[in-house]
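Residue numbers (the working numbering), protein chains in the order written: chain A, 1 to 652; chain B, 1 to 346.
No lab work stands behind these hints, which were simulated from the structure alone.
Hints may be right or wrong, so weigh each one.
Pulled from the structure, derived: some chain B residues nowhere near chain A, Cβ distances all over 10 Å [unchecked claim]:
#, residue
1, H47
2, S70
3, G229
4, F320
Cβ-to-Cβ under 10 Å is the rule here; a few derived chain A residues that face chain B [said to hold, decoys possible]:
#, residue
5, P260
6, V307
7, A315
8, E319
9, V358
10, G362
11, E364
12, Q366
13, I370
14, S587
15, D594
16, S630
17, H632
No residue lacks a Cβ here, since even glycine has one placed at the ideal position from N, Cα and C.
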Amino acid sequence: MGSALLAQGITDSLIHIEGVEIVSSRIFIKEQAGIRQTYVDTSVIQNKMSVSLSDLLSENTSVFIKNHGRGALATASFRGTAASHTQVSWNGININSPMAGMVDFSMIPVYIIDKLQLNHGSASIADRSGGIGGSIHMNNEVNWNEKEVFNYVQGVGSYQTLDEFVQFTLGNKKIISKTRMYHNYSKNDYTYINRGIGNIDPVTGEVNNPLDTNSNAEYTRWGLLQELYYRPRANHLLSLKYWGQSADRTIPRPTSYEGPDNSNLNSQQDIDHKVVADWKYYSSYGRVMLRSGYSDKQLDYSQMNRVPGLGLIPAIYSESKQKSLFNTLSYASDLGGDFSVEGVLDVNTHFVSSKDSVSHTGYENQRSEISLFGALRKGFADRVNVNLMLRQDWIDGERVPFIPFLGMDFRLMKEVDLILKGSIARNYHHPSLNDLYWQPGGNPDLLPEDGFSVELGLAYQQKFSDQLFKTEVTVYRTDINNWIVWIPSYQGYWEPRNIQRVLSKGLEYSVQLMGNLSKLQYKLSGSYAYTSAINYGDPLIWSDASDGKQLVYIPEHSGNMLANLSLGAFYFSYQFNGYSERYTTSSNDVTSRDWLYPYFMNDVAIGKHFKLKQLSFSTEFKVYNLFNESYHSILYRPMPGRNYYLTLVFKI
Amino acid sequence: MNDDELWEPEGEMPLSTGGLFIVNEGNFTYGNASLSFYDIEHKEVHHDIFYGINGLPLGDVAHSMAIRDSLGYVVINNSGRIYIIDVRTFEYVGKITGLTSPRYIHFVNDAKAYVTDLYARSIAIVNPQTYEIIGSIPVSNSNSSFFQHSTEQMLQYDKYVYTNCWSYDNQILIIDSEEDRVVDSIEVLKQPNSMVLDRHNSLWVLTDGGFQESPYGYETPGLLRIKAGTRHVEIIHRFEEREKPSELKINGTGDTLYFINNHIFRYMVENASAPELIISSPYSGLAPGGYYALEVDPVTSHLYVADAIDHLQRGNIYRFNSTGEPVDTFSAGITPGAFSFNPDTP
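Work out the full structure: start from the sequences and follow the hints.
Laid out in C-alpha cells, this is it:
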C-alpha cells in the first residue's frame, strides 16, 4: 500500500465541460514504473453497487471469475493463476482466508467499495508477497466536501431478489462519519432445462429432460460499513473503519441429484468482522503511516441428510474460526532530484481453528508473518523512470527467499504520453494453513510456490479538446515452479504437493474513450486478455496427457466492453463480456457432455434522474443476459437466463 | 448460445457381445461420470457409451455396477439414483431414485435387492423389476460419537447378507435377507474397505486402518479371514504401518485373492504364507496417485488394473494375464473406479 500513499500528492489536470470532467491522469510516475495498474472507473462502481464484486471483476476487468452459480462461490484467476495467487485487501488489510488462501468474491458487495484498484502480476509486490497473479484493493475514501448526505437505494429483481442500501454521512471540515447498511436477499429460483436428469416418457418411451428450478440456492446478507475520519490538522489524518457482514446461503445440490427431497442439503454461514485504524502524517521530511487491523471470520458448513426414524442428521458439520491481526508502519519520502524512497514493515498474525463435529477431524494453528519492504525510485529527465522494490518475508520466524522487482518506464517521445514499460521480478506464495495442516492430508513439508515474471507494456494517452483516449497493452510471462495441487495420495485421501510447473503467458489490452459530443456524454471502455496457462507437470510422476496443456477452467480468450451514454437526465449503458471455451480435463479432451462452450453475455440498462428541490431521485431498469443464452461457468451449474432488475435511488 | 444440439445421441454403438464395463466416477460435483465398455475378445474400448447412446450424462460420481439378467444397474452416488441399462444395447431403460447416497446394489431375488448407503444410516430395499423402493433396513448406531453405520459392499452366504462399514467404523453387519433386518455383527479392524467370499465360505476382509492422527484412531491395516457360518475371525495378517491396501478381489474359482497395496499382490487362500507381489507399480510409494481399482476376470483370471493418473483426465486400464504378464493397455473415462463383467462373455 506504500505506493498508493506516495501517489496521493499527484495532481490531475481537470477540464470541466458541462459538468463532466474529462480527466487525463499522469501515466508517467516513477512509483509506478514498470507496473500495470488499473483503476476501475468510479462510474462503474456506482452503476454496479447492487451486485457482487465477482460480477464487476468478470465484466469490467481482465480477471477471470470461476462462478459456481448465481450467488454462489466465486473465485478469481488473475493472469491464469490459481485463486490463492490473487491477494485481496480491504483498506489496506489482507482479506484472503488464511485457511484456504483465497477470497470468495461473491461475498463482497460492490456497495461497500469507493475505489477499486488492480495491480497486475508482479506489481503486487508493492503490497505484499504471494500475488503471483496480482492483487486487488478495495478502499474507502473520504470526501471532505461531502458533508451531509442521506441516500437510500431499493433494488428489485427477478427470482425474488430484494436489495436495500442505506447510506448517511455526517460531519464537518474536521470529522466525518459515513455509515452504510445493506441487506440482500434472493430466492434465486430460476428455471432451467435439467440436462442432468432423464425421464422416460411412459407412453412414447422417449427420454426427456425436466424443466427444473434452481432450488436450495437462496442467499441473505446483512452488512454494516462504518467509517470515521478525523483531520485535526491539515497534515494529520486519522481514520477508523469497520465492516461487518452476516451471510447465509444454501448450496444447490448437484443438478443430477434424484435422492430424497430432504437429503444432500448443503448450507454455509459466514460471519465477518473487520476493523482497521490508520494514522497518516504528512511533513516535509516525508509521509508516515501507522495502521492496525483485525479480522475475524467464522465459516460454518453443513450437509444434512434424512435418516429414517431420526430426522435430519448432519453428515458434515464443519466450523472454522479465523482471526488475524495486522500492523503496518510505512515511511515514504521525496529526497529531491526526482528521487524517492519508501520503507514498510508489516507484522501480521493469524490464528485458525477448524473442526468437524461429525468426523471429529480438524486442526488449530497459527502463523506469524513479518515483511520488510523497501523501494527506491528515480526519474531521469522526464524520459526514464526506475523502480526498484525489494521485499523480505519471514513466516513463523523462517526466512522466505528474497523478493526483488525491477521496473522501468521510458517516455518514447518528448511531452507525449507514450510510455514503454518493462519489469522483471521474482515472487513467492506461501502455502495456506489448510495446505499445511488440513486433516487428513495437510502437508507440512510444502515449499512456497515460486514465480519468476517478466513483462513489457506500452501505455498511451491523448486528449483531443474534450475527448480523452487511453490505451495500454501488456505482455507477460510468469514461470511458476512448485505450484501446489491437491491430488489423491496412495494413502487414499487428498494431499497437496508441489508438483506442477506452470508457464503462464499472456497479453492484456485495455482501451478507454470518453468525452462529450455536444450534449451527449459518452464513456466507452473495453478490455481483452489472452491467457495461456500451460502445465508442464513433473514428467517423472506424470507421464500423462496433461503435459503441455492449458490448465482447467482458464479461458484462452476473454474480453469485455462497456458503453455509457448520457443525454440530459437520461442515461443508457450496454455491457458485454465473453469467454472462450474452458477445459475441465487436464488433458484438454473435449466431449460434448462436459464441454464448457464459449459464452457471450449482454446486459443493457436505461435510467433517468429527477430532481425536486432538495430531493434527487433516479430510477434504472436493467436487463441481464439480454439474449437469454444458456451458459455455464462450471460444469452442470446452469446460470440464469434473461432477467430483470429495477433500481430506485433517493438522495437528500 | 442454445445448447440443444450438444445433447443429441452420438449414434450407433456396436452391440455388446460380452465384455467388461468400466465405471468411471468422474469428479465430485462435476457431473462427468461415464461408462466405458471393453470388448475383451477384440481388445476394443468404447468410451462414454451411456452418453453416446442416450444423449444423457450418467451423473455425479458413478460408484459401482451390477448386472442381473440382461440389465445393468449403475449406482450413481452423488446423484442419489441407480440408472438401469440394457447391457447389450446400452440403452437407458429406467431408474431407481430417492436414494440418499447409494454405494452398491445386491440382488436377493428377482423382486428384492439391497442398496447400501453412505449417509442414510439405512439400507434401501428396492424392487429391481419395478424400480421402486419397497422398504429400508435401519443400521443406525447411536452408541458411537462417529457417524455410524455407513454401509458398503455386500456378500451373501446362505440367507445372510454381509456388509462392511468402512467410514470411521470397524463392523461387518449381518442381515437376514428373509426378515430384512440386521441380526448380528462382527467386529473387525478399523476401516474394512473391501471383502470377498472364497470357495470354502470364508469371508476375507481387507482393512485400511484409517489415517494417522485420525480422531477415530489408527491401526495398521489387516487382511482377515472370517468363517461365514460361525462368524469367527480365524486369521489376521497385518500390514506395515502407513501401507494402504485396497480393492480385495477373488478369482472365479474362489481360491486366489488379489489386492492393491501400491503394487498388485496375490494370495492363495489355501496357504498361509505372505502375499506375493505379482505386478509392480511404476509409481514409487511416495508418489501421488497410483493404482486406483482392480478387477479379476472370473473366467480367465485376467487382471484389470485402473490408473486414474491425476483424476482430471481419462484414466488408463492395464490388462494382465493371471501370472502378471501385460496383455493390453487402453484408456477409460475420468477416475475409473469399478468394473462389471457382462456374464455373456463368450
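> Okay, which hints does this one fail, numbers in order?
Replying inline: Checked against the structure, the hints that fail are numbers 1, 8, 11, 12, 13, while the rest are satisfied.
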